[in-house]
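Line by line, the protein sequences are chains Y and V.
If you read the first sequence in the working numbering, its first letter stands for residue 1, the second for the next number, and so on.
If you read the second sequence in the working numbering, its first letter stands for residue 1001, the second for the next number, and so on.
Hints listed in this document are in silico derivations from the structure and should not be mistaken for laboratory results.
From the three backbone atoms N, C-alpha and C, an ideal C-beta is built for every residue, glycine too.
Treat the hints with care, as some may be off.
Computed footprint of chain Y on chain V, listed as stretches where at least three residues anywhere in the stretch have a Cβ under 8 Å from a Cβ of chain Y [claimed, not checked]:
#	region
1	1090-1099
2	1217-1225
Chain Y is nowhere near these chain V residues, computed Cβ spacing over 10 Å in every case [said to hold, decoys possible]:
#	residue
3	W1176
4	V1229
5	F1253
6	S1342
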Amino acid sequence: MDTKYAIEMKGITKRFGQVVANDSINLTIKRGEILALLGENGSGKTTLMNMLSGIYQPDEGEIYKDGKLIYIHSPREAYEHGIGMIHQHYKLIEVFTAAQNILLGLDEKMDIKGANLKVKEICERYGFDIEPTTKVYDMSVSQKQTVEIVKVLYRGAEILILDEPTAVLTPQETDTLFEVLRNMKKDGKAIVIITHKLNEVMEVSDKVAVLRKGEYIGTVETRNTNPQALTDMMVGHSVALNINRPLYENPHKKLVVENLTCVDEEGIKKLDNVSFIANTGEILGVAGISGSGQKELLEAIAGLYPVKNGSIRVVDDKDNETELVGKTPRKIREAGVGMAFVPEDRLGMGLVGSMGMTGNMLLRSWKNGKGAFLKKKEPENLANRVMEELEVVTPSIDFPVRRLSGGNVQKVLVGREISNEPSVLMTAYAVRGLDINTSYTIYNLLTEQKMKGAAVVYVGEDLDVLLELADRILVLCGGRVSGIVDARTTTKEEVGLMMTQIGEDVDE
Amino acid sequence: MSEVRTPLFRLAKREAMSREKIWAIRVGSIIIALILGCIPIMLTGNNPISAYAVIVQGSVSRPIYIRQTVKIAIPLLGCALAIAPCFKMRFWNIGAEGQITMGAVAATFFALNFAKTIPSPLLLAIMFITAATAGGLWALIPAFFKAKWNTNETLFTLMMNYIAIGIVAWLQGGPWEGRKGSQLIPMFDDAARLPEVFRVHCGWIIVLLLVVLMYFYMNKTKQGFEIAVIGDSVNTARYAGMNVGWIIMRTMFISGAISGIVGFMIVSGANYTLYKGVANGVGFTSITVAWLSQLNSFAMIAISAMLAILEKGSNTLQTRLQVPASIADIITGILLFSMLASEFFINYKLIFRGRDKKEVNA
Chain Y
1 MDTKYAIEMK GITKRFGQVV ANDSINLTIK RGEILALLGE NGSGKTTLMN MLSGIYQPDE
61 GEIYKDGKLI YIHSPREAYE HGIGMIHQHY KLIEVFTAAQ NILLGLDEKM DIKGANLKVK
121 EICERYGFDI EPTTKVYDMS VSQKQTVEIV KVLYRGAEIL ILDEPTAVLT PQETDTLFEV
181 LRNMKKDGKA IVIITHKLNE VMEVSDKVAV LRKGEYIGTV ETRNTNPQAL TDMMVGHSVA
241 LNINRPLYEN PHKKLVVENL TCVDEEGIKK LDNVSFIANT GEILGVAGIS GSGQKELLEA
301 IAGLYPVKNG SIRVVDDKDN ETELVGKTPR KIREAGVGMA FVPEDRLGMG LVGSMGMTGN
361 MLLRSWKNGK GAFLKKKEPE NLANRVMEEL EVVTPSIDFP VRRLSGGNVQ KVLVGREISN
421 EPSVLMTAYA VRGLDINTSY TIYNLLTEQK MKGAAVVYVG EDLDVLLELA DRILVLCGGR
481 VSGIVDARTT TKEEVGLMMT QIGEDVDE
Chain V
1001 MSEVRTPLFR LAKREAMSRE KIWAIRVGSI IIALILGCIP IMLTGNNPIS AYAVIVQGSV
1061 SRPIYIRQTV KIAIPLLGCA LAIAPCFKMR FWNIGAEGQI TMGAVAATFF ALNFAKTIPS
1121 PLLLAIMFIT AATAGGLWAL IPAFFKAKWN TNETLFTLMM NYIAIGIVAW LQGGPWEGRK
1181 GSQLIPMFDD AARLPEVFRV HCGWIIVLLL VVLMYFYMNK TKQGFEIAVI GDSVNTARYA
1241 GMNVGWIIMR TMFISGAISG IVGFMIVSGA NYTLYKGVAN GVGFTSITVA WLSQLNSFAM
1301 IAISAMLAIL EKGSNTLQTR LQVPASIADI ITGILLFSML ASEFFINYKL IFRGRDKKEV
1361 NA
């Protein structure tokens, strides 16, 4: 029995229109083993697993469970086969308790008491930290994830698939999760984690299966491989892991934020007394668990989020300061402050999805020129320039950007924002969802801007990148600054710790 | 076998289609709608082909019919142009009915009181401008509340319709009543009537002019760009430094103003008087026109002509074959459904079971 595969996928192919998301992929999953499914974004990892969990059906190929050919037409049927998937975006009802969410969709009689007991039992067995009677809205992100995992276990799953489970977790929470995964492994479950983080692969998995652009590259034993070898498999050719970080001579202060406090519509403090200085010629990384105030910080500086208290000033070469608080984005631009902002929500805030590149270049300059008519010549030239210089793949500069791939969308946005030589450049999760090559393109563009003397504020989620790309790292925790550290000397553990608690030495 | 539980068909997103192909599908859907329209005609016991022949005959076979058809098309087209910028902005203005009515009220005020004292061209110009202003201001009210307090514009504009109609009902029976007890407003003097060009009131020139203006406004101007950006994403508009509230109010004013002009053309060019049914559903039918033409001003000419032909022709149908004239409404409804379905098939395709499996299982 031990040698038999829990799941064997043979020649699986899935197409979406012209895109071949999976091209005759073979994959085997064993009990008592953690398999990492590794690949860049868009390499087809999630698609492949969605076919295992009944969300998609393969166009070609066969799936065997314990050597028997099976067909999975719905998530419910997947459960019947003992396959459960924990998706990246949780599917929980906020006002229900953990146990109620777990029971949801089951045919059995609603026996909350029994369910509570059973949930508790599962929790104890694997070392989960949730109370069955807690309402979901009272839970942290990692607790919600736990509910999803328990939900799958409750349904008797022996094969668990986790889609990017660590994307929203702090380093400490990640460790806890990995501990749980190891417990489940010992219990004989087969576990697949979808990820593109190499360090996690090395830490937790037994085997690594690598996909690249929808193709199956191979499976290796984790202990026989190393990050460099895996990267080579993932990207096809060796990509230097080092991000170029030149030092800028004579920095001076550019952006001064003092005692910035912002509250949202419900009166909850989103930023609490935030102070920092960003200098010319540096990339100031901003780290923090998602939702620690990063979004509000950038939007407040850009004039898009109401400021309750404090001051945001931009300093020019002659030491003249311009106050930004109270100014609308247009006023800020008219004040001659060269501010560029790459927001997190690219299509929802930074770009107009239904328009082509030209229309999107116009977003910066549509007011330019006299008269009522749009001046399209210059944006057209700019669109062509961005397309060439950043190698944007698009049928034409008038093709709706919504239909471009994520990487190309981001290139359009970043290309526009750096086009007028900004003195302050803010980016939020600039490489989220991008493949490694595009990510490096973005890193290089940001570094280029830094060396031209811009103050770059880089809000990021990947600590490894922050440590290598940024000059200094500001760590936010619950809307407060828990510290600012030198990126060249700090460690990942130090930053991770600051993300979860306010440091003693709050920067004055 | 796998066949057993594979769904009969499934949906897949299509790749980009050529423009020609997209329009071919749209035209095809109109033809399908006309074919489906045969069913209700047959239910009335008539031959659908002869019924369609009567519709065409009754609407375009003689100059006088054509003129009547054009008269129906003018307000439809004008009003569709009016709501297009709102819809582009995703501001659901369904209050064109009221805006038409208020424009008509303003025009009527001058027609009733100054026909004797102001020379006709000047009077008509004043009626035109005041009608536009009145319609614009009427539309500005819901826009202001939307911009200021984010109220629901759909309900608001809808309710404003009934207020406008109520105002006319009061004028009809009160201050502007002609012969006591008649509940009617007197007919306009010749001075307050729109002159005819090719024996149709010159409103057709105004709307055709508006078609071109609206095309340029939406596609070439800064304001048109602002409207398109807001329609796509309000956050992007704010990010780009646009004053969203102000743009909503400005656009609604323009929209209401055009509806007001339509109201002026109806009272001054067609009815020569004002009554509470002055808008006669044009404000709603024009939503269909705007939607079916994908907010493209030039396509609106064709769609409004088609709906006008249906309406005029089905009146003939009623007199000649005793088919209820409301058959036109039924066919319009089928048209709308089939156009919406065509948009779906432009974006998705059906894959039937077995078709692409054959090779695998063989």
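request  = Decide, holds or violated, for the assertion that all CB atoms of chain Y are farther than 10 Å from the CB of F1253 (chain V).
outcome  = Given a closest Cβ separation of 16 Å, the condition holds.
message = Quick check for students: does the CB of V1229 (chain V) sit more than 10 Å from each CB in chain Y?
response = Answer for V1229 (chain V): violated, closest chain Y Cβ roughly 5 Å.
task = Check the non-interface label on S1342 (chain V): least C-beta distance to chain Y beyond 10 Å or not.
result = Nearest chain Y Cβ is 19 Å from S1342 (chain V), so the label holds.
ask   = For the region 1217-1225 of chain V, does the count of residues with a C-beta closer than 8 Å to a C-beta of chain Y reach 3?
value = holds (count 6)
task = Between the region 1090-1099 of chain V and chain Y, see if three or more residues pass the 8 Å beta-carbon test, and mark the coverage as holds or violated.
result = violated (count 0)
query = Taking the minimum C-beta separation from W1176 (chain V) to chain Y, is that value above 10 Å?
reply = W1176 (chain V) clear of chain Y: closest Cβ-Cβ about 39 Å, beyond 10 Å.
Consistency note: the structure conflicts with the earlier hints numbered 1 and 4.
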